[in-house]
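Chains as they are written, first to last, in the working numbering: chain S, 1 to 257; chain R, 1001 to 1310.
Source of the hints: derived by calculation from the structure; they are not laboratory data.
Be aware that one or more of the hints could be misleading.
[To be verified] Restricting the straight-line Cα-Cα distance to at most 35 angstroms, the calculated cross-link-like pairs of lysine-lysine (DSBU-like) are:
{"id": "1", "chain 1": "S", "residue 1": "K92", "chain 2": "S", "residue 2": "K141"}
{"id": "2", "chain 1": "R", "residue 1": "K1202", "chain 2": "S", "residue 2": "K92"}
{"id": "3", "chain 1": "R", "residue 1": "K1202", "chain 2": "S", "residue 2": "K124"}
{"id": "4", "chain 1": "S", "residue 1": "K124", "chain 2": "R", "residue 2": "K1047"}
{"id": "5", "chain 1": "S", "residue 1": "K92", "chain 2": "R", "residue 2": "K1135"}
{"id": "6", "chain 1": "S", "residue 1": "K188", "chain 2": "S", "residue 2": "K248"}
{"id": "7", "chain 1": "R", "residue 1": "K1135", "chain 2": "R", "residue 2": "K1226"}
[Stated by the list, open to error] What follows is a set of in silico ranges between Cβ atoms, one per label pair, in the way DEER data are often shown:
{"id": "8", "chain 1": "S", "residue 1": "P154", "chain 2": "R", "residue 2": "T1009", "range": "32 to 38 angstroms"}
{"id": "9", "chain 1": "R", "residue 1": "L1007", "chain 2": "S", "residue 2": "V127", "range": "57 to 63 angstroms"}
{"id": "10", "chain 1": "S", "residue 1": "S152", "chain 2": "R", "residue 2": "L1158", "range": "39 to 45 angstroms"}
{"id": "11", "chain 1": "R", "residue 1": "P1102", "chain 2": "S", "residue 2": "G40", "range": "28 to 34 angstroms"}
For glycine and all other residues, C-beta sits at the position ideal for the given N, C-alpha and C.
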Amino acid sequence: MSAQLEIRDVSKAFGGVQAVARLSLEVPPGEILSVIGPNGAGKTTLLNMINGFYHPDRGRIALEGADITRHRPSQIAELGVARTFQNIALFKGMTVLDNLMLGRHVHMKSGVLASFAYWGLAQKEEVAHRRRVEDIIDFLKIQDLRRRPTGSLPYGLQKRVELGRALALDPKILLLDEPMGGMNQEEKEDMARFILDVNEEWGTTTILIEHDMGVVMDISDRVTVLDMGQKISSGSPDEVRSDPRVIKAYLGESRRA
Amino acid sequence: MDVLYGLVTPFRDIAGSPAFFVEVLIGGVAAGLMYSLVALGFVLIFKASGVFNFAQGVMVLFAALTLVGLMERGVPVVLALGLTVLVMILLAFAIERVVLRPLVNQEHIILFMATIGLTFFLEGFGEMLWGSNVKRLDVGIPDESFMVAGVLVNRLELTAALTAAILVAVLAVFFHGTRIGRALRAVADDHEAALSIGIPLKTIWVIVWSVAGGVAIVAGIMWGAKSGVQFSLSLIALKSLPVLILGGFTSVPGAIAGGLIIGVGEKIGEVYWGPLVGGAIENWFAYGLALVFLLFRPQGLFGEKIIERV
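Using the sequences provided together with the hints, build the complete structure.
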């Protein structure tokens, strides 16, 4: 099967630090790919390049065969790439409903003048999008939170709402930066279930960064390991787990005298 | 004892001549709405981009200058107005391209400094284009008064007040009822998150600066028709700072309420208590009130409370 997302020979440096070095990665449609690696391995930089926050110094990124290497973040979102953030980037002053409706932004067509001139049309469009948002609210079981400002929610629920906002884009590809970071066991299990359900129900390709190895091994189709900006291993969870290079990167080299 | 007497007698005057008091009140409301209009421009840009736009006052002047300049060259009012709108939109594009885009992700203070630069540029540019003499702006509304139920009402002030009210209503709908308005609020809340869901920052900034330019046109026309178009017009912007402190920097209703409180307060203070201190209350009332607010309620009447988690 041909790749939906193709990353070819991509590098990115910040000053003297080589965050990502000549990385290549192919993601087939519908796959759940986990990217793991020690702190500073270049995982978040990789996501930031895919969704256009950073542009690589060299190399090429293609979505369904089309080059998106130099696209702006808003263009890439329009093409169907949604993401969440390590430190949660919700609109904290706005309600859960507003946050999710904003996730529909790229699908709404009425412009500034039209939204005044064709008030009725804009309202009708609003209703249609609201229906989709309600589906997501049901799916994530956050019915009680519609009118709550997101800033007032507990951490785990904020993460869930942020996933909801990303889902509201109807994304082809979902980028999740530590979706379970800072969660307790129960919350982690819920989140893992949501990720699997999204993948199963809508066939959404998912790339996630996660530190909890138990979760990673459980839900991933494939695992890619980064260290110092380079790919050191890639394969099924079992393959990666037993790869000596991975063990070395995580535990350090055992030296014999 | 004399001072005490002087403080109290104005209340007797107010009770003695309620019609005059209402006239003072109306004058205050009219002046206050003018402050509100300028403050509104500040709030719009601050809400959408976190930029404190020091140039809002000079934008009012620039809009009024452009309109008058065009009319002096024989362009009919309606066409001149249309062209002025166009100029303000072009200005918004230019500001986004030349000032905001190169400074994206910089500290707020740097963007603030940039808008101070913009202030000087617009002042000089306006003077170069249209000259620096005081100009009369005649928009066809006579500056005359008529009696309603024993109270003298100024037609120009009444028109200004109604225009301001309509403008505020339209902006409220725009911000809270439309897709673009929601996107604007999102951008104000979190730039990165807004980008990640496909909201283009550049477009949003051009829109919000255009809207602020539109508000500047309305404010410019009203002030210009009342006191002539001259360079001291940009000083009105200074009066809108205490209005913002009172109302809160992020609140549209706050800008309106703040403007009204200051407009009415300073007029009443001046007319009734002015003689006691030899006048000029109008000049410092706003700043005094702002100082009190800064001490006891720094987020203003309607602003979001600033809570820093440590």
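Do the hints match the structure? See the list:
In summary, the hint linking K92(S) to K141(S) is supported, as the alpha carbons are separated by about 20 angstroms, within the 35 angstroms threshold. A C-alpha spacing of about 22 angstroms is found between K1202(R) and K92(S), which places the hinted pair at or below 35 angstroms, so the restraint holds. For the hint pairing K1202(R) with K124(S), the CA-to-CA distance comes to about 27 angstroms; that is within 35 angstroms, so the pair holds. For the hint pairing K124(S) with K1047(R), the CA-to-CA distance comes to about 28 angstroms; that is within 35 angstroms, so the pair holds.
Annotation: proposed proximity of K92(S) to K1135(R) is violated, straight-line Cα distance about 47 angstroms (limit 35 angstroms). With a C-alpha separation of about 27 angstroms, the suggested pair K188(S) and K248(S) falls inside the 35 angstroms cut-off, and the hint holds. The hinted pair formed by K1135(R) and K1226(R) meets the criterion: a straight-line CA distance of about 11 angstroms does not exceed 35 angstroms. Evaluation of the 32 to 38 angstroms hint for P154(S) and T1009(R) yields a failure: the beta carbon distance comes to about 60 angstroms.
Look at L1007(R) against V127(S): about 60 angstroms separates their beta carbons, and that is inside 57 to 63 angstroms. At about 44 angstroms, the beta-carbon gap between S152(S) and L1158(R) stays in the expected band of 39 to 45 angstroms. Taking 28 to 34 angstroms as the suggested C-beta distance range, the pair P1102(R) and G40(S) conforms, at roughly 30 angstroms.
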